[in-house]
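Produce the entire structure from the sequences given, and follow the hints as far as they go.
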Amino acid sequence: MSESDHPSSGVGQHRVVGLVIDTILCVVSVMMLLPLVFLISNAFKTPPELLAWPPTIVPHQPTLENIVSVLRETPLFRWIGNSLIFATLSTASIVSTSAIAGYVLGKFDLPGFTVIFTVIIATAVVPFEVYMIPLYLNVQSAGLLNTWPGLLVGYLVMSFGIFLIRQYVMTSIPDELLEAARVDGAGEGWIFLRIVLPLMRGPLGALAVLAFFQAWTAFAWPLVVMTNKETYTLEVGLALFQTGFTVDIGHLSAAAALALVPSALFFSLMRRNFVRGVAASGLKE
Amino acid sequence: MRTKPKWLFPVLALLPILGLYCCIRVYPIIETLRLSLYQWNIISRRKPFVGFANFIELTSDPLFLEAIFNTTVIAFSIVVITIPVGLALAALINSRQGLRRSGVYEASVFLPHVVSLVPAAMAWKWIFDARLGPLNALIGLVGIPAQSWLFDPVLSLLCLVILCSWQAIGYAVLIFLVGLKNVPDALYEAARLDGASSLQAFRYVAVPLLKPVILYVSVITLISSYNIYAQAFVLASDVQGAPGHLVRVLVLDMLENSFRNYRVGYAAAEAVILLAIVLILTGAQFRLFRDRSRA
Numbered sequence: 001m002s003e004s005d006h007p008s009s010g011v012g013q014h015r016v017v018g019l020v021i022d023t024i025l026c027v028v029s030v031m032m033l034l035p036l037v038f039l040i041s042n043a044f045k046t047p048p049e050l051l052a053w054p055p056t057i058v059p060h061q062p063t064l065e066n067i068v069s070v071l072r073e074t075p076l077f078r079w080i081g082n083s084l085i086f087a088t089l090s091t092a093s094i095v096s097t098s099a100i101a102g103y104v105l106g107k108f109d110l111p112g113f114t115v116i117f118t119v120i121i122a123t124a125v126v127p128f129e130v131y132m133i134p135l136y137l138n139v140q141s142a143g144l145l146n147t148w149p150g151l152l153v154g155y156l157v158m159s160f161g162i163f164l165i166r167q168y169v170m171t172s173i174p175d176e177l178l179e180a181a182r183v184d185g186a187g188e189g190w191i192f193l194r195i196v197l198p199l200m201r202g203p204l205g206a207l208a209v210l211a212f213f214q215a216w217t218a219f220a221w222p223l224v225v226m227t228n229k230e231t232y233t234l235e236v237g238l239a240l241f242q243t244g245f246t247v248d249i250g251h252l253s254a255a256a257a258l259a260l261v262p263s264a265l266f267f268s269l270m271r272r273n274f275v276r277g278v279a280a281s282g283l284k285e
Numbered sequence: 001m002r003t004k005p006k007w008l009f010p011v012l013a014l015l016p017i018l019g020l021y022c023c024i025r026v027y028p029i030i031e032t033l034r035l036s037l038y039q040w041n042i043i044s045r046r047k048p049f050v051g052f053a054n055f056i057e058l059t060s061d062p063l064f065l066e067a068i069f070n071t072t073v074i075a076f077s078i079v080v081i082t083i084p085v086g087l088a089l090a091a092l093i094n095s096r097q098g099l100r101r102s103g104v105y106e107a108s109v110f111l112p113h114v115v116s117l118v119p120a121a122m123a124w125k126w127i128f129d130a131r132l133g134p135l136n137a138l139i140g141l142v143g144i145p146a147q148s149w150l151f152d153p154v155l156s157l158l159c160l161v162i163l164c165s166w167q168a169i170g171y172a173v174l175i176f177l178v179g180l181k182n183v184p185d186a187l188y189e190a191a192r193l194d195g196a197s198s199l200q201a202f203r204y205v206a207v208p209l210l211k212p213v214i215l216y217v218s219v220i221t222l223i224s225s226y227n228i229y230a231q232a233f234v235l236a237s238d239v240q241g242a243p244g245h246l247v248r249v250l251v252l253d254m255l256e257n258s259f260r261n262y263r264v265g266y267a268a269a270e271a272v273i274l275l276a277i278v279l280i281l282t283g284a285q286f287r288l289f290r291d292r293s294r295a
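Going down the list, the protein sequences come from chains A and B. Using the UniProt record's numbering, read the first sequence as starting at 1 and increasing by one per residue. Using the UniProt record's numbering, read the second sequence as starting at 1 and increasing by one per residue.
There may be inaccurate statements among the hints.
What the hints assert, rightly or not - Think about it this way: if two alpha-carbon atoms lie no more than 30 Å apart in a straight line, the pair counts; the simulated DSS-like pairs of lysine-lysine are:
1) K107/A / K6/B
2) K4/B / K47/B
3) K107/A / K4/B
Please keep in mind that the hints were generated in silico from the structure rather than gathered at the bench.
What follows is the structure, encoded as structure tokens:
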């Protein structure tokens with residue numbers, strides 16, 4: 001690395017500095033992961049071992065008892081299924097609305113479009129929690145409590161998604177390409193579906209991961225809209241399950257670990273997309 | 001061949017999305033502003049206009065004042081922890097760039113940010129647990145008596161700050177790493193030729209260049225911390241039958257006013273105050289940005 005060509009210090013000193021940095025980073029990494037590691041390991045412990053000090057990382061007598069009883073006591077798979085459906089539908093809606101609106105606002109200059117874009121971005125500043133209650137009252141009066149449409153209403157659009165796609169369309173899709181297709185007699189719908197959409201795959205993938213994550217971790221909205229044990233999302237079901245009177249740490253950890261595994265798996269598979277999406281959201285200035 | 005007007009496609013494509021935005025974003029936001037001026041109660045039929053009475057009542061509502069105090073303390077504590085720690089970690093990881101293990105470090109620090117909130121909060125709840133938790137056992141080793149972390153009003157705030165900082169650091173590190181990669185190598189070279197150590201080069205070359213990014217991450221972290229709810233909900237809910245200490249945060253107080261006390265107008269006034277805080281923070285960020293780019 002470029003570190004090693006410092007004129008006044010030897011190679012040995014650099015190796016020591018590198019070792020110190022690696023040690024610090026190793027300790028920090030372990031500390032960051034330790035709570036999650038303990039959670040998963042507690043899921044497989046027997047009640048006496050849960051009380052043992054120091055806490056073990058690999059259980060001495062691993063047991064499936066916790067997991068079996070949690071699955072008997074709660075519709076955990078149902079909640080996971082609910083969350084999957086919710087997150088998938090929300091992602092589909094956010095990706096398609098962002099693709100269309102981002103393209104139209106980026107490539108067509110009609111009067112009023114700047115105002116529309118400004119309004120869309122301005123609503124992004126307002127946290128969801130601020131307007132959640134009127135939205136809830138609307139959903140309630142429409143009779144949509146405890147239904148999929150009612151739950152989805154809060155998560156159909158994402159202003160940042162429109163912003164991201166518009167930015168991409170303006171910088172990376174040349175006007176000449178679209179003009180050429182028009183000269184060849186292609187319709188606008190065909191141009192969008194066949195030319196523009198395939199070119200947007202990269203940013204749409206990043207957006208999809210962000211949208212899925214947002215819905216998967218949603219809490220306050222599903223908590224108030226879905227009030228029936230069968231319709232809970234995973235986060236809500238789990239949060240309410242852990243308020244129970246007689247539930248012990250082993251069962252709680254088992255439920256939490258079962259909930260953790262799909263998301264940890266998904267986001268480690270999608271890490272590159274996720275990082276791109278989050279980094280883009282951080283650099284929108 | 002029949003030619004369609006040029007505006008037809010964009011207008012037809014945008015219209016449904018615009019309608020959606022009006023129904024689920026613009027209208028509820030305006031409705032929040034309107035409701036905050038009404039005595040809007042779910043159970044009573046009369047819903048009179050009361051002007052700023054809700055806001056005036058809020059200024060002497062002990063529960064609301066507690067909520068806004070707690071939320072502010074929590075939000076600023078999270079930023080005070082997350083930004084320096086995140087910056088230091090990003091600098092260390094950046095200095096190991098190119099080695100395979102730097103990816104491992106990055107992933108481990110980032111993972112807490114992406115795992116689901118509730119299971120993560122449950123993991124920490126066990127750590128903080130007064131009877132079974134490893135934290136008490138750990139401080140016991142150095143002679144500090146066991147604390148009831150989640151029941152004590154001050155300690156439970158601290159627990160919430162630790163949990164939220166643990167989750168927020170990954171985001172800060174990620175954004176700082178992107179920023180650090182954008183610092184031109186030539187600047188470091190120049191600093192080194194002037195005899196600066198790596199630490200000095202970081203302090204006097206990278207940090208000033210990263211200032212806008214640091215500012216941005218601070219504001220984003222502050223705003224999202226003002227909206228915390230799930231973490232408080234999980235940490236504060238009953239532990240093994242014993243009621244935990246409820247850390248009253250803004251969103252919790254708001255939901256309680258509208259769903260437990262049925263005072264929707266009053267809750268809307270709280271939402272307006274939350275919005276005002278967010279707008280002030282965003283505005284401050286833009287102003288600082290402008291001042292910097294002019295200087």
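Would you check the hint for K107/A and K6/B, treating anything up to 30 Å between C-alpha atoms as holding?
It holds: about 12 Å lies between the C-alpha atoms, which stays within 30 Å.
Would the pair K4/B and K47/B pass a check requiring their Cα atoms to be no farther apart than 30 Å?
Distance of about 51 Å is beyond 30 Å: violated.
Within a Cα-Cα threshold of 30 Å, do K107/A and K4/B meet the stated pairing?
Judged against 30 Å, a Cα distance of about 18 Å means the pair holds.
When held up to the earlier numbered hints, the structure conflicts with hint 2 and nothing else.
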